[in-house]
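Protein chains: 2
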Amino acid sequence: MKLNAPYASRISGPGIALPAGRRERHRAEIRQRLFDEALRLFAQKGYFETTVEDITEAADVGKGTFFNYFPTKEHILAVYGGKRVAVVERALDQARATKGPVIDVLKELASNAVGQSNQNPGVIRAIYAAHASCAPVRLELQKRLQVSRRLLAKIIALAQKRGEIRRDLTPLELARVTQIVFMGMTMSWSMNPDSSLRKSSESVWNLLLFGLCAPKEAKGS
Amino acid sequence: MKLNAPYASRISGPGIALPAGRRERHRAEIRQRLFDEALRLFAQKGYFETTVEDITEAADVGKGTFFNYFPTKEHILAVYGGKRVAVVERALDQARATKGPVIDVLKELASNAVGQSNQNPGVIRAIYAAHASCAPVRLELQKRLQVSRRLLAKIIALAQKRGEIRRDLTPLELARVTQIVFMGMTMSWSMNPDSSLRKSSESVWNLLLFGLCAPKEAKGS
Numbered sequence: 001m002k003l004n005a006p007y008a009s010r011i012s013g014p015g016i017a018l019p020a021g022r023r024e025r026h027r028a029e030i031r032q033r034l035f036d037e038a039l040r041l042f043a044q045k046g047y048f049e050t051t052v053e054d055i056t057e058a059a060d061v062g063k064g065t066f067f068n069y070f071p072t073k074e075h076i077l078a079v080y081g082g083k084r085v086a087v088v089e090r091a092l093d094q095a096r097a098t099k100g101p102v103i104d105v106l107k108e109l110a111s112n113a114v115g116q117s118n119q120n121p122g123v124i125r126a127i128y129a130a131h132a133s134c135a136p137v138r139l140e141l142q143k144r145l146q147v148s149r150r151l152l153a154k155i156i157a158l159a160q161k162r163g164e165i166r167r168d169l170t171p172l173e174l175a176r177v178t179q180i181v182f183m184g185m186t187m188s189w190s191m192n193p194d195s196s197l198r199k200s201s202e203s204v205w206n207l208l209l210f211g212l213c214a215p216k217e218a219k220g221s
Numbered sequence: 222m223k224l225n226a227p228y229a230s231r232i233s234g235p236g237i238a239l240p241a242g243r244r245e246r247h248r249a250e251i252r253q254r255l256f257d258e259a260l261r262l263f264a265q266k267g268y269f270e271t272t273v274e275d276i277t278e279a280a281d282v283g284k285g286t287f288f289n290y291f292p293t294k295e296h297i298l299a300v301y302g303g304k305r306v307a308v309v310e311r312a313l314d315q316a317r318a319t320k321g322p323v324i325d326v327l328k329e330l331a332s333n334a335v336g337q338s339n340q341n342p343g344v345i346r347a348i349y350a351a352h353a354s355c356a357p358v359r360l361e362l363q364k365r366l367q368v369s370r371r372l373l374a375k376i377i378a379l380a381q382k383r384g385e386i387r388r389d390l391t392p393l394e395l396a397r398v399t400q401i402v403f404m405g406m407t408m409s410w411s412m413n414p415d416s417s418l419r420k421s422s423e424s425v426w427n428l429l430l431f432g433l434c435a436p437k438e439a440k441g442s
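Chains as they are written, first to last, in our numbering: chain A, 1 to 221; chain B, 222 to 442.
If you're looking for bench data, these hints aren't it; they were derived computationally from the structure.
Note that the structure is predicted; figures quoted are calculated from it, not measured.
A portion of the hints provided could be inaccurate.
[Unchecked claim] With a straight-line Cα cutoff of 20 Å, these simulated EDC-like cross-link-like pairs (lysine to aspartate or glutamate) come out:
no., chain 1, residue 1, chain 2, residue 2
1, B, K320, B, E310
2, A, K73, A, D60
3, A, K45, B, E270
4, A, K161, A, D93
5, B, K382, B, E394
6, B, K266, A, E49
Only chain A is shown next, with the shape it has when bound in the complex (with noise of 0.2 Å):
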């Protein structure tokens, strides 16, 4: 008996991420097809001047396949924000696993951070835009804000512990002077993308830490 692909992965098993199988295929692609073309209708157009209909055209499928995949046009955004908070899960996955100093894992953070929007400036202006103009987006932002700076204060408490960071002041505290400037350099970045905030946020990430580190640490560095 000859198994067809679908059904061959399909009795992979429970608990088992299946491979995925062609429709699934076919389905994640659609949606990412659909992201993709939103985030870059959303840099050139910007996010309200971007319609459903722009984004199907653009994406090559009929208008109503838009809420198969995407409830509202906002939700975009959602999923975008998302994956920035999946990028801290797996670094306090890297912080509970390194052997080396925690502190090197926050810094990654950073970098990629700037990394990721480096990519686009476009893209974080219209959703900066979005969230400034919408409260409902607004509200999913803080909630997602609420998720990463709790994965964030776990990394510090994880510093904290080995010595790396001072601990005279709470980890939520400091994951939220963290996420202040994290704001600050894709913002400014994003404004004005010719400065070099690579080179900023270097600086900007050397100060802090000096300010993170305990005094005794930070006096032999």
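Go by the hints and put chain B onto chain A.
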């Protein structure tokens, strides 16, 4: 011979600021009213959603009157930005005159910025949205940021000269860092005014100042 008021004010001589005559006072009042109503409407409806007619109606003047005071709607944002630059200018004057630590002037500048934005998060959001969405507005922002950065750098250079701030980084680079942190603070507060920006900004500043101080001073603090 009896001089009429405008003429009397006009003969005060060159190089001396004229006491505002009745006509000038009237003009200044209308200009201020247009400016205030514009900001109020930006916060309420959004920058792009607010028309010049909305503004003139709210300010109770004819539509054409707007253009006697502001060439375009964007100029409202420029005036707003100009007021921010003026605050930094005054801080530089203070830094030059003070007998106390120059770093206190910087600290006051930080809490001033927070106090200012406390007045209306909606205005800040509308302004960010306008900058994120509109290239000419962004260009103006860059010019103003450059002016502010140079002023900040002068304050920082004074503090370096007095040994209050580390000298291994250039004043301009430290000024850029300061602006990035400012932007992050104002932005994150405008997105979520419920959170205590004042408290967070204090944490950020304490950490940043710790990094700014020369290692010797930092250790002692």
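Verification of the supplied hints:
1. B/K320 - B/E310: The given pair, whose Cα atoms are some 18 Å apart, holds under the 20 Å limit.
2. A/K73 - A/D60: Holds - the C-alpha atoms of A/D60 and A/K73 are around 17 Å apart, at most 20 Å.
3. A/K45 - B/E270: holds (17 Å)
4. A/K161 - A/D93: Holds, because 16 Å separates the two Cα atoms, which is no more than 20 Å.
5. B/K382 - B/E394: The given pair, whose Cα atoms are some 16 Å apart, holds under the 20 Å limit.
6. B/K266 - A/E49: Between B/K266 and A/E49 the Cα gap is close to 17 Å, so the pair holds against 20 Å.
The earlier numbered hints are all upheld by this structure, with none contradicted.
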